[in-house]
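Let the sequences and hints guide you as you build the complete structure.
Listed below are the residues making up each chain.
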Amino acid sequence: MPKVCFMAKKIAVYRKEHFNAAHRLFNESWDMSHNDAVFGKCNNPNFHGHNYELEVKIVGETDPATGFVIDLKVLSDLIKEHVLVRLDHKNLNLDTPFFKNLNPTAENICIVIHDILREKLDSKFELQVRLYETPRNFVEYPA
Amino acid sequence: MVYLTRLEHFNAAHKLYNPHWTKEQNDEIFGLCANENWHGHNYELYVTVKGRPNHDTGFLIDVKKLSKIIQTEVIEKLDHKNLNVDVDFMHGQMCSTENLVMAIWQQLNPALPAEIQLHSIKLYETPRIYVEYFGE
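So the protein sequences, as listed, match chains A and B.
Here the working numbering is used: position 2 in the first sequence is 2, and no number is missing along the way.
Here the working numbering is used: position 100 in the second sequence is 100, and no number is missing along the way.
A hint or two may mislead.
Stated by the list, open to error - Here are the computed distance ranges between Cβ atoms for each label pair: (1) B:Gly92 with A:Val85: 32 to 38 Å; (2) A:Ala12 with B:Gln93: 31 to 37 Å; (3) A:Ala143 with B:Met102: 42 to 48 Å; (4) A:Phe138 with B:Glu115: 28 to 34 Å; (5) B:Glu76 with A:Lys80: 42 to 48 Å; (6) A:Glu119 with B:Gln93: 40 to 46 Å; (7) B:Tyr130 with A:Pro45: 35 to 41 Å; (8) A:Pro45 with B:Glu115: 18 to 24 Å; (9) B:Lys50 with A:Glu81: 22 to 28 Å; (10) A:Leu102 with B:Thr5: 37 to 43 Å; (11) B:Asp27 with A:Lys80: 16 to 22 Å; (12) B:Ala114 with A:Asp77: 53 to 59 Å.
To be verified - Mimicking SDA-like on lysine to any residue, the simulated pairs with C-alpha atoms at most 25 Å apart in a straight line are: (13) A:Lys41 with B:Ile69; (14) A:Lys57 with A:Asn137; (15) A:Lys57 with B:Thr126; (16) A:Lys57 with A:Asp122; (17) B:Lys77 with A:Ala106; (18) B:Lys23 with A:Lys73; (19) B:Lys77 with A:Pro45; (20) A:Lys73 with B:Arg128; (21) A:Lys41 with B:Tyr124; (22) A:Lys80 with B:Glu36; (23) A:Lys41 with B:Lys23; (24) A:Lys41 with B:Thr97; (25) A:Lys73 with A:Tyr141; (26) B:Lys23 with B:Asp86; (27) B:Lys122 with A:His18.
As the list claims (entries may be wrong) - Here chain B is said to cover these stretches of chain A; the calculated rule only asks that three of the stretch's residues, wherever they fall, bring their Cβ under 8 Å from a Cβ of chain B: (28) 12-24; (29) 91-100.
Think of the hints as simulated: they come from the structure by calculation, not from any bench.
We treat Cβ as the ideally placed atom computed from N, Cα and C, and that holds for glycine.
So this is what it looks like as structure tokens:
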């Protein structure tokens, strides 16, 4: 019987997570009216917030011993330990080190999450992060 | 009797924190939600009205008109706001989803035209948590 070789086949696996956070979009080098003109309601000095939905995509080859690209429980724990603990139920501007000098737009949050996970994941995996700020607004990195 | 539902949405910051309790008590009861610097949600609001369709239009109410009333009475006051700080009708109350849905009823009900009755308001705080209020 011919052996089927799955070794060279790349496949994508995904893990969905979610977190809730407050934020404000503004540029501190601009005055209030300039910030209002650019960021509108998102510039409320008392903050507003979102339910963020996070999709982490890993591409790799399946391990012949397990059939897994990556154990999704391991990936889930990695996301929880390094991303969710730092962002969930937080004020992104005030409670996290990432946005002291960076506007916490969905774009920037997505890149921050990507970079945190990239550092923790084996370089053999390709990584892509999709972040929903609302059910209708979402971003993806790398593009 | 026909029931008609309009779905609207708003995003807001809040915290669950009872000022009469110590920080430790608040942390124990409200956990992560007691974060003094706030957190936030995408709220989804389902407003259901009931009545009999108008003979000439076939409508219970022009949904565009209902949407405008919800926007004016509720969404403009809540969207991109801090519920604890920016919303006058939540002052002195805990900003739980339960209290918020009852406060929304109080805001909306008097503004609706006489030909329809408010039946229920369903408010999702997250895709996994919602409350329903029937005005009782």
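Cross-check of the supplied hints:
| no. | hint | in the structure |
| --- | --- | --- |
| 1 | B:Gly92 with A:Val85: 32 to 38 Å | holds, 33 Å |
| 2 | A:Ala12 with B:Gln93: 31 to 37 Å | violated, 46 Å |
| 3 | A:Ala143 with B:Met102: 42 to 48 Å | holds, 44 Å |
| 4 | A:Phe138 with B:Glu115: 28 to 34 Å | violated, 40 Å |
| 5 | B:Glu76 with A:Lys80: 42 to 48 Å | violated, 37 Å |
| 6 | A:Glu119 with B:Gln93: 40 to 46 Å | holds, 44 Å |
| 7 | B:Tyr130 with A:Pro45: 35 to 41 Å | violated, 29 Å |
| 8 | A:Pro45 with B:Glu115: 18 to 24 Å | violated, 41 Å |
| 9 | B:Lys50 with A:Glu81: 22 to 28 Å | violated, 49 Å |
| 10 | A:Leu102 with B:Thr5: 37 to 43 Å | holds, 40 Å |
| 11 | B:Asp27 with A:Lys80: 16 to 22 Å | holds, 20 Å |
| 12 | B:Ala114 with A:Asp77: 53 to 59 Å | holds, 57 Å |
| 13 | A:Lys41 with B:Ile69 | holds, 20 Å |
| 14 | A:Lys57 with A:Asn137 | holds, 18 Å |
| 15 | A:Lys57 with B:Thr126 | holds, 23 Å |
| 16 | A:Lys57 with A:Asp122 | holds, 14 Å |
| 17 | B:Lys77 with A:Ala106 | holds, 24 Å |
| 18 | B:Lys23 with A:Lys73 | violated, 34 Å |
| 19 | B:Lys77 with A:Pro45 | holds, 15 Å |
| 20 | A:Lys73 with B:Arg128 | holds, 21 Å |
| 21 | A:Lys41 with B:Tyr124 | holds, 21 Å |
| 22 | A:Lys80 with B:Glu36 | holds, 22 Å |
| 23 | A:Lys41 with B:Lys23 | violated, 31 Å |
| 24 | A:Lys41 with B:Thr97 | holds, 22 Å |
| 25 | A:Lys73 with A:Tyr141 | holds, 22 Å |
| 26 | B:Lys23 with B:Asp86 | holds, 23 Å |
| 27 | B:Lys122 with A:His18 | holds, 22 Å |
| 28 | 12-24 | holds (count 5) |
| 29 | 91-100 | holds (count 3) |
Comparing the model with each earlier hint shows violations of hints 2, 4, 5, 7, 8, 9, 18 and 23; every other hint is respected.
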